[in-house]
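Asker: Sequence:
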Amino acid sequence: MWPRRLWFLGISTILTLLSWEGLSFAQTETTVHTVQQGQTLGAIARRYRTSVDALCKANRIRKTDPIRPGQKLVVPNPQPPAQSTPTPSVRPDSEWQRDLQTLEVSGAPSAYYYEPAGPKRSGPRPVFMVLHGRGGNASEFCKRWAPIVRPMGWLVCPSASHPYGAGQSWNNDWVTARRIVHATHAALRKAKGRRVQLTGNTLIGFSEGAFVGMNIGIRDPRMFNRWLILAADDAYWGGEAPQLIGRARSHLRRVYLITGKQDGVFDGTIRTQALLRNARVPVFLSDPADMGHEVALEKRRAMYQAALTWLQR
Numbered sequence: 001m002w003p004r005r006l007w008f009l010g011i012s013t014i015l016t017l018l019s020w021e022g023l024s025f026a027q028t029e030t031t032v033h034t035v036q037q038g039q040t041l042g043a044i045a046r047r048y049r050t051s052v053d054a055l056c057k058a059n060r061i062r063k064t065d066p067i068r069p070g071q072k073l074v075v076p077n078p079q080p081p082a083q084s085t086p087t088p089s090v091r092p093d094s095e096w097q098r099d100l101q102t103l104e105v106s107g108a109p110s111a112y113y114y115e116p117a118g119p120k121r122s123g124p125r126p127v128f129m130v131l132h133g134r135g136g137n138a139s140e141f142c143k144r145w146a147p148i149v150r151p152m153g154w155l156v157c158p159s160a161s162h163p164y165g166a167g168q169s170w171n172n173d174w175v176t177a178r179r180i181v182h183a184t185h186a187a188l189r190k191a192k193g194r195r196v197q198l199t200g201n202t203l204i205g206f207s208e209g210a211f212v213g214m215n216i217g218i219r220d221p222r223m224f225n226r227w228l229i230l231a232a233d234d235a236y237w238g239g240e241a242p243q244l245i246g247r248a249r250s251h252l253r254r255v256y257l258i259t260g261k262q263d264g265v266f267d268g269t270i271r272t273q274a275l276l277r278n279a280r281v282p283v284f285l286s287d288p289a290d291m292g293h294e295v296a297l298e299k300r301r302a303m304y305q306a307a308l309t310w311l312q313r
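The sequence shown maps to residues 1 to 313 in this note's numbering.
Derived by calculation from the structure, the hints in this document are not laboratory data. Where hints are given, some of them may not hold.
In the DSSO-like style, the derived pairs of lysine-lysine whose C-alpha atoms are separated by at most 27 Å in a straight line are [said to hold, decoys possible]:
| hint | residue 1 | residue 2 |
| --- | --- | --- |
| 1 | 261 | 192 |
| 2 | 72 | 57 |
| 3 | 120 | 72 |
| 4 | 143 | 72 |
| 5 | 120 | 143 |
| 6 | 72 | 299 |
| 7 | 63 | 143 |
| 8 | 120 | 57 |
| 9 | 299 | 261 |
| 10 | 57 | 299 |
| 11 | 192 | 72 |
Every value quoted in this text rests on a predicted model; they were computed, and no experiment measured them.
Could you build all of it, start to finish, from the sequences and the hints given here?
Answerer: Shown next, in the form of structure tokens:
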């Protein structure tokens, strides 16, 4: 009788060891992840509970290398999400959009701004100068950007000087727009002191705001050495584009372009990317196939968030 019990005990022990061996083997296998629109290395690493360094090593890439939608990444030793870790609560947009402030600007229309809300917000932080399109409203445009920009720095939205429908227009006058942008930055610096960076800031411009933004940024590359241009067109620089970029390129840190393939200026965006690449300015393009002439912040937040994160590296 005892030998039979011992025999059953031996068989169960062997089966248990085999199951543990199979589990161990499964945990050491690698997984292939397909990059989705707007994903970053950090987000992918968090999803699989691995590190960015491990991802880079497994794929022979650097942390600064851009990743593209559809790209395959090997994930070493992926781990399932920890069951005991509670899902962090997401801060609603309405909280980020509170406390919009008005800034009186000498010789220009009033601007709107949000103070930084992220880490180190009491120290020097970069300015994100957002330039609305024709017919846009600076205060409403500012609110849309608040959830994305406020964790990174100052969100500042100057107003164009010409009425246009229910909003304003820059009247295709980048010279006046440049004066307004400079005056707005100076007013904020005067009000908030050294918490407002003088250099190393970011320009964001859409449509007509892209036109004035590209012309301001190329002439003030130390103040604005990072650009997020939405619906860029090389025609905005005219025939002197190579000379302008040549003078600015040593100060330009990074440029991110977002233009939908349904946008009428898409070909101009491709040419803009080529001009910057030829001058060896780090540039990245996102070109959603189903997007037209629009700022799709609510539908594609991850894309814009990834763009600004890449610019700040």
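Asker: Checked against the structure, which of the hints given earlier come out wrong?
Answerer: The structure breaks hints 1, 3, 4, 7, 8, 10, 11; every other hint is satisfied.
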